[in-house]
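Chemist: Each chain is listed here by its residues.
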Amino acid sequence: MRLQLALKDASIGAVVAALLFIPLVALRTDVGSAGALVLRYRWADAAILIGLVFLGRLALVLWTGRTGLRPSTSAGPWTQRLQQAGRLAAPAFLAFALVLPAIPGIDRYWLDLGILVLTYVMLGWGLNIVVGLAGLLDLGYVAFYAVGAYSYALLAQYFGLSFWVCLPLAGILAAFWGVLLGFPVLRLRGDYLAIVTLAFGEIIRVVLLNWVSLTGGPNGISGIPRPSFFGLPFSMAGGEGTFAGFFGLEPSSTHRVIFLYYLILALALLTNWVTIRLRRQPLGRAWEALREDEIACRALGINVTVTKLTAFALGAMFGGFAGAFFATRQAFISPESFTFIESAIILAIVVLGGLGSQIGVAVAALVLIGGTEIFRDLQEWRMLVFGGAMVVIMVLRPRGLVGTRTPSIALGKRRAIDGKLVGEGHG
Amino acid sequence: MTTPLLEVDCVSAGYGAVQALSDVSLQVMPGEIVTLIGANGAGKSTLLMTICGSPRPRAGRIILGGEDITGEATHLTMRRGVAQSPEGRRIFPRMSVQENLLMGAQALVKGDPTPQLEQVFALFPRLKERLGQRGGTLSGGEQQMLAIGRALMSKPRLLLLDEPSLGLAPLVVRQIFGAIRQLNESTGLTVLLVEQNANQALRLAHRGYVLVNGRITMEGVGHELLARPEIRDAYLGGGHG
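Order-wise, the sequence lines are chains A and B.
Quick note on numbering: our numbering labels position 87 of the first sequence as 87, and the sequence is numbered without any gaps.
Quick note on numbering: our numbering labels position 104 of the second sequence as 1104, and the sequence is numbered without any gaps.
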């Protein structure tokens, strides 16, 4: 009986896989010697994939006795452990992040990857304020990242200001643009808000692209100054006034990478700390209430305008910090780095992590950004893994990795509110 | 004669081309329970929302405690000591009961909200039992208690209740109305109650107004209105009740 069911289910799966993989994999066009397109057949590859799907479904149904996986929004076995060990897990992550550069065998590649992941963790946490807490769906978050990056690059280029002066300025400018975006969208919610923020992100990018006299247009800005260690530059020369010289170290290019790593770690932790603090403050609670019910908020005498604008401004500010960091790390920026796909990835991190969950966002950033890097050897299949991971997370955990919400205040014991009981978001 | 706490003076309001209220006037005296009854779509909720500033009235004035508040932003009106339990309760479903209650106090009350919290628990002991529970998992009656409790957290002078009996069992409605009466008698809180449940509302209220198609057609003392044949016909089941 079960075998029969399994065979039937696996066959259906195989047919669906065949419909997908025959056009996608089995047929491939290459540029031939004469410059014309040549059709190449890859039946074996397609057959392997279809076979894998068949066997996978067969095994799944035989194993579980059910067709299809059961989605779970409750704290599943491992999230429950993560939640219970939450007080342990977060410090463990933190400790690992802190000692990472000191671990033997961690070379430049791993540090660069760490910096990349932490940048996205920070962006995820920044966007989490807007989307996760205040419930304002923002598809143009990358605009603030761009504003931060260009703020630093332009201030450094035209006025020769240092990174440490520009970092707060970049945050303030991004926050200003956040408020500027906030005003016209005060009355919008859900889909309409998403469209306007999407357009806003594109406007910023297109302006950067076309304002050639200021931003260099598609050529971008190069030679952006690297950060100094409280005035001590990182230089291979190793002279008196450099970082290596001052501390009597062998000059090494790794010093700067380690410094950048700790810099982004500190910025990300600042974002996290501010968010956690604010969640327990009246402002943070007002954000969450706003996500729940805007009309009720009004009826309780909450100034909805101020509440929304602060969410936009704070989220944008952290995006701006991350942007300034990005500019100083890359030393080169162009509008190409700030396309819609970046917004989409950051939003995916927030949604997959679980809206409003700090630890969930960090794990999602690690999985999505770190994961795609690790699968770099798979080349063209890398994006398939990326997409597959997203689909699997959403099938198994429709409310994100950590779909539970802990009340920000409790008289007695703190209880997590199960994701199963949490209403569908309508932000 | 004392000045009314709330005076709605010849107010007209509406949405777009729809005129929901025409020339509506009513007064609520301090310490009174006044009810506004009417059928679906008569404009009851619109009147409450107009008092709160959204939509703005097209004509007329709204005076709270002698001060003209016509067209003032909602959150500013609320800061003058008005609290509202909105239609459909509108509690925050993902937030705990405690968080819901604190939201009621946070914009308006400086300092420790514990005294109000104690007052709400005295009125609705059930809420104290459910303190850590998520708002959305409460029963309908408990949600209504939470909505009223949340409104009381801001120590209001005037409590606006929009259909607290909506979708509740008769026993629960009696319980809620009993709590409103108790509140009025013990603290002298002024209440403007909008209801479709004319029978219960008129029994509870000192005075009542009847709203038909955006106009006040009748007003009077609660039990007198209840005795009138036109009210019995229109709202109490064709005179058989």
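It cannot be assumed that every hint is accurate.
Claimed, not checked - Chain B residues, not near chain A, derived (Cβ > 10 Å throughout):
#1 Q1027
#2 G1041
#3 G1065
#4 M1078
#5 R1079
#6 E1099
#7 L1102
#8 L1108
#9 E1118
#10 E1230
#11 D1233
What the hints assert, rightly or not - In silico contact screen, one side only, chain B against chain A (beta carbon under 8 Å); selected entries:
#12 T1070
#13 H1075
#14 P1086
#15 M1103
#16 G1104
#17 Q1106
#18 A1107
#19 R1150
#20 S1154
#21 Q1196
It is worth saying that the hints were derived from the structure and are not from the lab.
All of these numbers come straight from a predicted model, not from anything done at the bench.
Ideal placement from N, C-alpha and C gives every residue a C-beta, glycine not left out.
Chemist: Each hint needs a verdict: does it hold in this structure or not?
Modeler: Okay, the hints, checked on the actual structure:
{"no.": "1", "hint": "Q1027", "verdict": "holds (23 Å)"}
{"no.": "2", "hint": "G1041", "verdict": "holds (19 Å)"}
{"no.": "3", "hint": "G1065", "verdict": "holds (16 Å)"}
{"no.": "4", "hint": "M1078", "verdict": "violated (3 Å)"}
{"no.": "5", "hint": "R1079", "verdict": "violated (6 Å)"}
{"no.": "6", "hint": "E1099", "verdict": "violated (6 Å)"}
{"no.": "7", "hint": "L1102", "verdict": "violated (7 Å)"}
{"no.": "8", "hint": "L1108", "verdict": "violated (5 Å)"}
{"no.": "9", "hint": "E1118", "verdict": "holds (12 Å)"}
{"no.": "10", "hint": "E1230", "verdict": "holds (33 Å)"}
{"no.": "11", "hint": "D1233", "verdict": "holds (34 Å)"}
{"no.": "12", "hint": "T1070", "verdict": "violated (18 Å)"}
{"no.": "13", "hint": "H1075", "verdict": "holds (5 Å)"}
{"no.": "14", "hint": "P1086", "verdict": "holds (5 Å)"}
{"no.": "15", "hint": "M1103", "verdict": "holds (5 Å)"}
{"no.": "16", "hint": "G1104", "verdict": "holds (6 Å)"}
{"no.": "17", "hint": "Q1106", "verdict": "holds (5 Å)"}
{"no.": "18", "hint": "A1107", "verdict": "holds (4 Å)"}
{"no.": "19", "hint": "R1150", "verdict": "holds (7 Å)"}
{"no.": "20", "hint": "S1154", "verdict": "holds (7 Å)"}
{"no.": "21", "hint": "Q1196", "verdict": "violated (20 Å)"}
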